Amino acid sequence: MMSPGASARGGGGGEGGDAKEKLLKVPNRPQILELAKDLKKRFILELEFVELLSNPFYLQYLAQNRYFSDPSFVNYLNYLQYWRRPEYIKHISYPHCLYFLELLQKEEFR
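The sequence shown: position 4 = 6 (the numbering used here), numbered continuously.
Calculated from the structure, these hints are not laboratory results. One should not assume that every hint holds.
Calculated pairs, EDC-like style, for lysine to aspartate or glutamate (alpha carbon to alpha carbon, straight line, at most 20 angstroms) [claimed, not checked]:
| no. | residue 1 | residue 2 |
| --- | --- | --- |
| 1 | Lys92 | Glu109 |
| 2 | Lys42 | Asp72 |
| 3 | Lys92 | Glu36 |
| 4 | Lys39 | Glu50 |
| 5 | Lys42 | Glu53 |
| 6 | Lys108 | Glu53 |
| 7 | Lys92 | Glu48 |
| 8 | Lys43 | Glu89 |
| 9 | Lys43 | Glu53 |
| 10 | Lys42 | Glu89 |
| 11 | Lys92 | Glu50 |
Please read these numbers as outputs of a predicted model, since none were measured by experiment.
All chains should be modelled from the sequences, with the hints used to inform the complete structure.
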């Protein structure tokens with residue numbers, strides 16, 4: 003015999019059902035879901051950009067179009083240093099991109 007709060011899937015106390023109901027009733031849920039999608043897009047975009055730094059032709063393109071002269075772009079490259087941390091580095095397919103990212107921090111290389 004099931005207790006009044008037990009779910010049909012075999013959980014004691016109905017924790018799974020209550021948690022799902024609470025999740026559905028979270029205020030601002032659509033905004034939270036939209037923010038999560040935006041953060042995932044940003045993660046993928048920044049990952050792809052960092053990995054592009056492994057391509058010497060792309061680095062040449064950036065240099066020829068004077069991106070390295072733009073202080074905001076140089077600050078962005080500095081911001082991307084977080085990809086060196088273990089929780090992010092595991093997502094990188096081309097690890098030598100981090101070497102180029104490090105070199106791009108030096109003005110004499112740019």
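Hinted pair Lys43 and Glu53, Cα distance within 20 angstroms:
The given pair, whose Cα atoms are some 15 angstroms apart, holds under the 20 angstroms limit.
Hey, Lys92 versus Glu36, does the alpha-carbon distance stay inside 20 angstroms?
violated (26 angstroms)
Pair hint outcome, Lys92 versus Glu109 [Cα-Cα no greater than 20 angstroms]:
violated (28 angstroms)
Would the hint linking Lys42 and Glu53 be met if the CA-CA limit is 20 angstroms?
Since the Cα atoms of Lys42 and Glu53 sit roughly 17 angstroms apart, the hinted pair holds (cutoff 20 angstroms).
Checking one constraint from the list: CA of Lys42 to CA of Glu89, max 20 angstroms. Satisfied?
Roughly 15 angstroms between the alpha carbons, so the hint for Lys42 and Glu89 holds.
With the threshold set at 20 angstroms, check whether the alpha-carbon distance from Lys108 to Glu53 stays at or below it.
Roughly 19 angstroms between the alpha carbons, so the hint for Lys108 and Glu53 holds.
Would the hint linking Lys92 and Glu50 be met if the CA-CA limit is 20 angstroms?
Holds: Lys92 and Glu50 sit about 14 angstroms apart, inside 20 angstroms.
Holds or violated: Lys39 and Glu50, Cα atoms, limit 20 angstroms.
It holds: about 17 angstroms lies between the C-alpha atoms, which stays within 20 angstroms.
Between Lys42 and Asp72, does the CA-CA distance stay at or below 20 angstroms?
violated (27 angstroms)
Just to be careful, I want the Cα atoms of Lys43 and Glu89 compared with a cutoff of 20 angstroms; is the pair within it?
Between Lys43 and Glu89 the Cα gap is close to 17 angstroms, so the pair holds against 20 angstroms.
Starting from Lys92, check that the Cα of Glu48 is at most 20 angstroms away, please.
holds (14 angstroms)
Against the hints set out earlier in the document, violations occur for numbers 1, 2, 3.
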